[in-house]
Structure formats: C-alpha cells, structure tokens
Amino acid sequence: MNRQLTIFPIPKAGKISLVVAPRGVVQSLMTMLAALALRGRVIVLDGGNCFNGYALARAIRQHTHQVKDVLKQVMLSRAFTCYQMTAMLAKLPIDGTPVIVLDMLATFLDENVNFNKRQRLLDNSLNLLRRISEGAPAAVWARTRATPTGEDQQFLAPLLETAQDIWELQAPEIPVHQLPLF
Amino acid sequence: MPEFSGWLLDLFEDPREGLILYFIGEDGMRWRLSQSFPITFYALGKDAELRALWQHLKDRPREISLERSQRMDVFKRQAVTVLAVTINNPYEARKIFQQTANRFPNLEYSDADLQISLRFAASTGAFPLSHCHVVADELHHLKEITVLEDAWTLKSTPIPLQILSLSPDVAPHHARPSYLTVEILGETYHFDLRTWRPLLVNLRALIQRYDPDLILTDWGDTWLLPLLLQQSEKYHIPLGLNRETGRCVSWREERTYFSYGQIVYRGQQIHLFGRCHIDRQNAVLWNDYKLDGTIEVSRVTSLPLQTSARVSPGTGISSIEMVTALRQGILVPWQKQQAEMLKPAMDLFTADQGGLVYQPRIGVHKKVAEIDFVSLYPAIMVHFNISPETILPNPTADNLVPALGLAIDTSQEGLIPKALRPLLEKRIEMKKHLASTPTWDPYRKNFKRRASALKWLLVTCFGYLGYKNARFGRIEAHQAVTAYGREALLRAKEAAEDMGFRVIQLYVDGLWVQHPDKTQPEEIEPLLLEIQERTGLPISLDGIYRWVVFVGSRQNKKRPVANRYFGVFQDGSIKVRGIDARRRDSTPFVSDAQMHLLELLASKPEPEDALPEAIRFIRERLRTLRNGQVGLSDLLVRQRLGRKLEAYRTLSPAARAVLQLQAAGKEMRPGQRVPFLYTMGKPGVFAWDRPQHPNPRTVDVERYQRLLLRAAGIVLESWGLDEEKLTEKVLSDASQLTLPVPRKQHPLKHSRNIPGIVNPTVNPTLKNKAQ
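Listed in order, the protein sequences are those of chains U and Z. Be aware that the first sequence starts at 1, since it is given in this note's numbering, and climbs by one per residue. Be aware that the second sequence starts at 1, since it is given in this note's numbering, and climbs by one per residue.
If you're looking for bench data, these hints aren't it; they were derived computationally from the structure. Ideal Cβ positions, reconstructed from N, Cα and C, are used throughout, including at glycine. One or more of the hints may lead you astray.
[Stated by the list, open to error] Lysine to any residue pairs mimicking SDA-like chemistry, simulated, CA-CA at most 20 Å apart:
| id | chain 1 | residue 1 | chain 2 | residue 2 |
| --- | --- | --- | --- | --- |
| 1 | U | 117 | Z | 96 |
| 2 | Z | 468 | U | 112 |
| 3 | Z | 644 | U | 109 |
| 4 | U | 117 | Z | 113 |
| 5 | U | 91 | Z | 394 |
| 6 | Z | 46 | Z | 66 |
[Claimed, not checked] From chain U, some residues computed to sit far from chain Z (all C-beta separations above 12 Å):
| id | residue |
| --- | --- |
| 7 | 7 |
| 8 | 9 |
| 9 | 15 |
| 10 | 131 |
| 11 | 160 |
| 12 | 165 |
Work out the full structure: start from the sequences and follow the hints.
Have a look at this one:
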C-alpha cells in the first residue's frame, strides 16, 4: 500500500518541535498526528480552526481499519482568542500526553487586542508550553502568511527562541505568468 | 421641585456631576438632570493577587470603595469570590479600570467596560428613549424615575423628536458638493458651501432657534461635521452642535472588521452630547429600517440612539444579554477565557455541522408551499433552554441534545433564553400584527421597520453564541442549537411526508412542499399544526407559489444550489434569492432587466406565454445599451474591496478601480464598496469617484451585453432559453432587422468611426469574421 509518510519526525518529550510553514502543511501535520494517535492519546489545540478531520481519518485509514477508535484518541479543543489559547494551555493535564498546537499564532495576531497584552499572553503561553514539554512531546505549527506583516515576525521570534527543533517550510513559488506549454 | 413625564434622550458621564441625563418632556420642555451614579467592577483571581489589588486601591477612599463579595460566574456555574471595586464617579471608571488592569494583568475582570446606559437600564429599568415619569430636586438632581412603557410594548407612544436634517447636494467622495440642504419642521433651506461665514451664522441660528434633539445627516460622520467643525473654528463661530455646553464632540475611529465571512468597513463617527447625531450613510441597516427601526433597536438594547444607529445587531444582542446579566447579578466577563471543552476528534464529525439542507431539483415546480419556522434558532434557544451555563458535559441527564454527547439543564431558565424570550415574543407578536394591518394603515410602515430591526437582532443572536468575542458565547451551545435545528427540520419533513406532501427542498429553517390537492393556505394549516406538535416550535406559511424555479450553480448548471431561486406567489408577488436581481454587486441595468423579466413571466397565467415579449424586451434593452442610451449610473458595478491592495496577487476589478482612486488622492479601506464602470482596453474599469468624467464611448458594451444575457438566461432557461440559446436568438434576430437597410458605405468601416460603441447595424457574425 502506498502509505503517506510524515515529513516531520514524531515529537519527543523534553523539547518543543516547531513547524513554520504555510497552510498547505496541514495534510502532513495530520499524517504526523495520525502516527501519534496510533500510539495513544493526543491533545490538539487548534488556534486557527484548521484541524482537518477528514485528512486525519484518511491518514489513519492507511494504517488501520479501526478509524473511529483511533479518532477517539485525538482530543481536540479550539481557541478563538489569545485569552482562550493561554487558558487552555494552563488547563492541560501534565501527564505525558503529547500536545500539538495548530496555527498557534493566529489568535495572537488579533488586532482587537492590545499589542502589549498579546505579547504578555504569548510569553505566558510559551512558559506553559515549556512546562508541558518537559514531560510530554509537544509540537507547534506557526502558519506563515502570503503577505506577512511586521507583527507576524514579532510574534514568531519568541516562538523560534523557545523551540528546540525547528522545521521551516516554504510554499513553492507560483510563476506570475503561465509558463509556455509548447 | 421638577416632576414631569417624558422620554430619556441621552445620558453620559460627567467629570463633576457623575451622570448627566437629557429628557424630552411631554410638554415640549427639554430637561437636563444629573445624578451621582457610582459603578462597580469586579476582580477575580488568586487570593494573594486580590490582596495586592486591595492594598493598591485601599488608600483612595474618596474615589473608590472596596468590598469582598460573591457573584455568579456563568461559566463556572457557581458563585465565586470577587473583589468589588466601586468608583464614585462613573467618569473616572474607565481610567481607574485601565490602570488596574495594566498593573494587575493576571487577574480576571468583570463588569469592567460596560456602557453607562446599560448600567442605568439594569439599575433603574429606564432605557434610552423610554417613556418615563421623573422626579428631581431643586438642583435638578434626579431623585426618582419610573418607566411608563417597557421596551417590549408593541404600540409605544411616539416620541416628539425635533429633527434637523443636513445633506449635501452630491456625495462628497464622488464630487465636490456646492450647497447644503437643511430641513427642519417642513422648512427647507439651501446654504452655499463656498461662503462659509453666512452658512455658519445661519446654521447656528437654526440650531439655537429649534434646539433639535436629533441631527440627521448624510456623510456627517465622515465629511460634513468634521468640515463644519473645522470652519467653525476658523471663523470663530461656534455652532452649538452639542446641547451640553462646555463639551467637545466625541470622535470614534474608523474601523474594518469581519462579519459573517465578509469584510465590513465603518467610517469614523461623531457623537454629540445632549442631542443625537445619526449619519444615514454610516448607519447600520439604515436602508432597511430607517429611524423607526433604529429607535426600536435603541429601546430594546438599552444603547443610546446614536450608538444603536452605528453598531451591528450583534452588539445589540450582546447589550441585551449584558443588561439581563447585570439584573441577575451575573458577572459580565471583560475578556472571556472559557474555551471549547476537550472532545474526541470523532465528535467533531457529528457536532460541528451547520443547518440541514436537502438540495432541490433544478427547474420549474408548480403549486409549491413554502413554510418556515419562525425565528428558528432563537426559538430553539428559548424553547430548549440553551445557554452557556445550561450545557452539561456528562450526558446522563434526560434532556440529551440530538446526536451530540451533551445534555441541557432545564432546572432553571438560562441567561440567553431569559434575554431572548421577550425579544422573540415581541417579534412574533409584531409579525401577527403586521399580517392583520391593512396596507393603507399609516402605522404599517413603522411596524414593518421595527419588525425588521427585531428580525436582525434575532438573526444574529445565534451567530453570537459561537462568536469568539461574545461575552456569553460558547461553542457547545452553538452546536446544540444547530443540532436541534436539524432535528426539527427532519421531523417537519417526516410530518409532511406522512401527510402525503412531496418535499421539494429543505433549507435550514424552511421547507418547500407540494401536494396535488392542497393548494390553498387553509389546506396547509393541518400540516403546520402537525409540525408544531412534533417539534414544539412555531412555524408559519410563507406563501404558496404559483410556480417556483430552482436554478443550478454558475460553475455547474446541473448542480443545484439551495438558496438560488425565484418564484411567484398566488397573490402575484415575486420572491427572489441569490440571482442578479437581488445581488448588491450587480448593475442596476442588469438587475432591473432581470426583475422586469420576472414581472413579465408573473403577469401571464402560464409563464411560457410571456417568452415572445421577454425576447422583445431583451432586444430593446440591448438596443438602448448599444445606442448609448443607458445612463452611466445604471451601469455601475459596486464591489467590495476584500483586502488591502498589497494583499492581492491578481488585482480584481474593484482593486484596479481603487488604484485609480489612489492616483487621484482618494483612499479606500477594505470593506468599502467601490463603484466603477467596465471599460474597454486596460485597466478595464473606470472608478466612478475619480475627479474626471467617464467617457461614455469607452464603456465596454460587449461586457454589459454578456451580463444582461447571462442574467436573462438564468430566468428563462427553465423555459428552454438558456444564455447560449438566448444569445443566438436575440443577437441573430436583431441583426436581421437592421440588415435590409441599404448602405453605400461598408458597415465595417462605419463601425470604426464610433470607437467603443458596437454599431447596432453591424451583424455580429460578420464582425467576428472580419476580425
């Protein structure tokens, strides 16, 4: 069978793995998530409402017929504000369960919240993540946007400093003009 | 000692007197009263941090009083210990709170940033524009206020508002206005905008003489009032826009935000003190419900009139919920921390669904009844007691939500149902009243507008339950509502099928059913009763169509689209959804023509009989287009700028029009609608608001022709005339009519003499061959 391979290694306890990539990486992340879920419980915190259940189910199906059982191993919660993201990280059990945070910075790039406050909440969140990663595998995906702003970089920098394993992926360049066919 | 009955017009914080209130007396008098109005916010957190906060604030007894207290936390479903911080002067509250929040960022805060009108409504029952009885002392301090009509009264006493209206002769972003029209009490004045001194003197005289309660403007927020204030300062002629002396007008910044997946722009705002200012061009849904609806929103939401005119219905709903929470002693969180419960990914497949849709069959259906649940989602919230605090995570209880691993606690009415119940009841009552009000009744319009305002509030209340910034939103409650909605629609479908109806379509809160023998409203009544019995939710007949057409999607004609249809009811009225006639971005030339075609089809007992006339009409419209007889304003396309210009990879027509405006020194923000014409050559558009006049000869006639034929094809394709056939028929026949005219000159040469206009005498087939 032509199994999908995860391009990222399975995260390990003791360090934070960071994937910096555009939205297209979700498929690969779901493959990695499937690999983790096959081993046991996984917690997913979704900051950008980008969890793709169908892609995950397909990735699981390549390994087992018991898709529903494996899907039940993935515990999901979505955060829509930076307050919620921080509160969720604070509430997570530190019991060795792997934690995957999807599009973590999306909630911190919310212009409705004061900049300093967002920075403070991001610092708090990273501290919490550090604490979680001491006893459990932790991986974070930071989404890169097509037209990044200065703020994107300001919020990405502390995340890059915190992570130990960093994977940076770039979207392929799209040619502005149609390439000649003949 | 003043004692009077009247209406509360405006209220705001004052640095010296606390709270200032302006009233319109029944006797025509205008009253300014004041009241000391201490306000309280609450801090929650760890004991050590609360103690630190207490120590920080305890030395300011003249300004602040502190108390340890218990308040209900709706998300924790229990009373929690809080530090109550009461600030004696409400004017200082915002500053003190901000200082506190900055110094103690790890504490949670509640009741911190609420509008003063909401607090006043919660503590006294009196809301903006409420009819009340007032008692004050000799110093005009408010002593007693009794509400005479509550916000849910169906027929409230009309408010004798004195309205001054100001509007320039032309939209200022389009061209430079030359005069200002001022209207008050049926009198109209025109002031020259080139001579500022007389304008300012005369306007000030009118304001002093009539002392208006409401200044109604066009572009007052974004252009007129800023300009008037600037000129007033330059010429040292104060206008007295505020009724409250010694206060400057209040400015609010422009903003762009996302709402229901669309980007929305709101211009800057200018608010007045002691009287109100509404800019009709910057007011929310003004075209839909005008001043009557805005007053209704103000009354039911407890937001001041000039605020209610400018906030989204979502903010209105939030205000109703906050007033209800304040009255119940429930904490209103400043920043909601509550996130979604951790749930298995498997549950997402069942829980995270929207409304139920059964796609219709494409084509014409005759004698179809459309029945809709009345305000389905709000009705579900009220009927099933759905609120953030009533959702139980452990499904052991009786009231299980269909297909979700959740249950609802029905032991006590939740906050959201409590807030929505009177609103929903008023809307249903108003709908009934409207149905029985004859068309000649002078109050019908007023009722219609107020009903529309209530409808918008109810429409948004469901979305607000899942909205990230909603104070009392909760995603599980949001999911429970759609789960009940799907269940209700399925039960309705079963009831219809059990009674012998054929279901044509299901769409979230409505169903389209057909029965060969049941074609009159009274014959549908038993079905309505049966559905109501099976679901517990109110349902009504929207109407019975003589015929209704469901059209396919633009991308794939064979694929049905649920909310794209048109039809004619038995009373001859037309209902249209999702086609050009309804879309705000289509040109009036196209949408009016499409609507006319529908009217033609509706005018005949059998729509087929209208086809020859329809084709004649399309030819006529194309002829006027080619002859340049269609007004340019009828060819305008108004598209929304979806993002900042630099975010476009390929510039849309709207973005290209914005580039032209930028070159002319005009700025546009995402969310703003950009009017433009399609023109020939590059860049293919002409921004309507450019200082230059468009050249009618450059209009892209071919493109407008295509748009018209496409719109006509959508309407006529069910009778065998899709866009392709219609194009063939209309264009070929048109050329036959003109070809017999003898000419000395070759028609192709002649056509080149009029660049940009396709000569109607040229046979398009010949022209194409020549190219």
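Next on the checklist: Tell me if the straight-line CA distance from residue 91 of chain U to residue 394 of chain Z falls inside 20 Å.
Outcome noted: Holds, at about 19 Å.
Checklist entry - Does residue 96 of chain Z lie within 20 Å of residue 117 of chain U when you go C-alpha to C-alpha? => result 17 Å, holds
Item to check | residue 160 of chain U non-interfacial with respect to chain Z [C-beta, more than 12 Å] | outcome: Holds: least Cβ distance 24 Å, greater than 12 Å.
Next on the checklist: Beyond 12 Å on every Cβ pair: is that true for residue 9 of chain U relative to chain Z?
Outcome noted: 22 Å, holds
Next on the checklist: Hinted pair, alpha-carbon criterion (20 Å max): residue 117 of chain U, residue 113 of chain Z. Please report holds or violated.
Outcome noted: 16 Å, holds
Item to check | Claimed clearance of chain Z by residue 165 of chain U, with the beta carbon kept past 12 Å | outcome: Holds: least Cβ distance 24 Å, greater than 12 Å.
Item to check | 20 Å Cα cutoff - pair residue 46 of chain Z, residue 66 of chain Z | outcome: 17 Å, holds
Next on the checklist: At 12 Å, judged by beta carbons, does residue 7 of chain U keep clear of chain Z as stated?
Outcome noted: Given that every Cβ of chain Z is farther than 12 Å from that of residue 7 of chain U, nearest at about 21 Å, it holds.
Item to check | Consistency of the no-contact label for residue 131 of chain U, given chain Z and a CB cut of 12 Å | outcome: 16 Å, holds
Item to check | Pair hint outcome, residue 644 of chain Z versus residue 109 of chain U [Cα-Cα no greater than 20 Å] | outcome: With Cα atoms ~16 Å apart, residue 644 of chain Z and residue 109 of chain U stay inside 20 Å; holds.
Next on the checklist: A cut-off of 12 Å on Cβ-Cβ distance, and residue 15 of chain U was said to be off the interface with chain Z. Does that hold?
Outcome noted: About 24 Å separates residue 15 of chain U from the closest Cβ of chain Z, which puts it past 12 Å; holds.
Next on the checklist: Against the 20 Å threshold, does the CA-CA distance of residue 468 of chain Z and residue 112 of chain U hold or violate the hint?
Outcome noted: Given pair residue 468 of chain Z, residue 112 of chain U holds - Cα atoms ~11 Å apart, limit 20 Å.
Of the hints listed earlier, there is not a single one the structure fails to meet.
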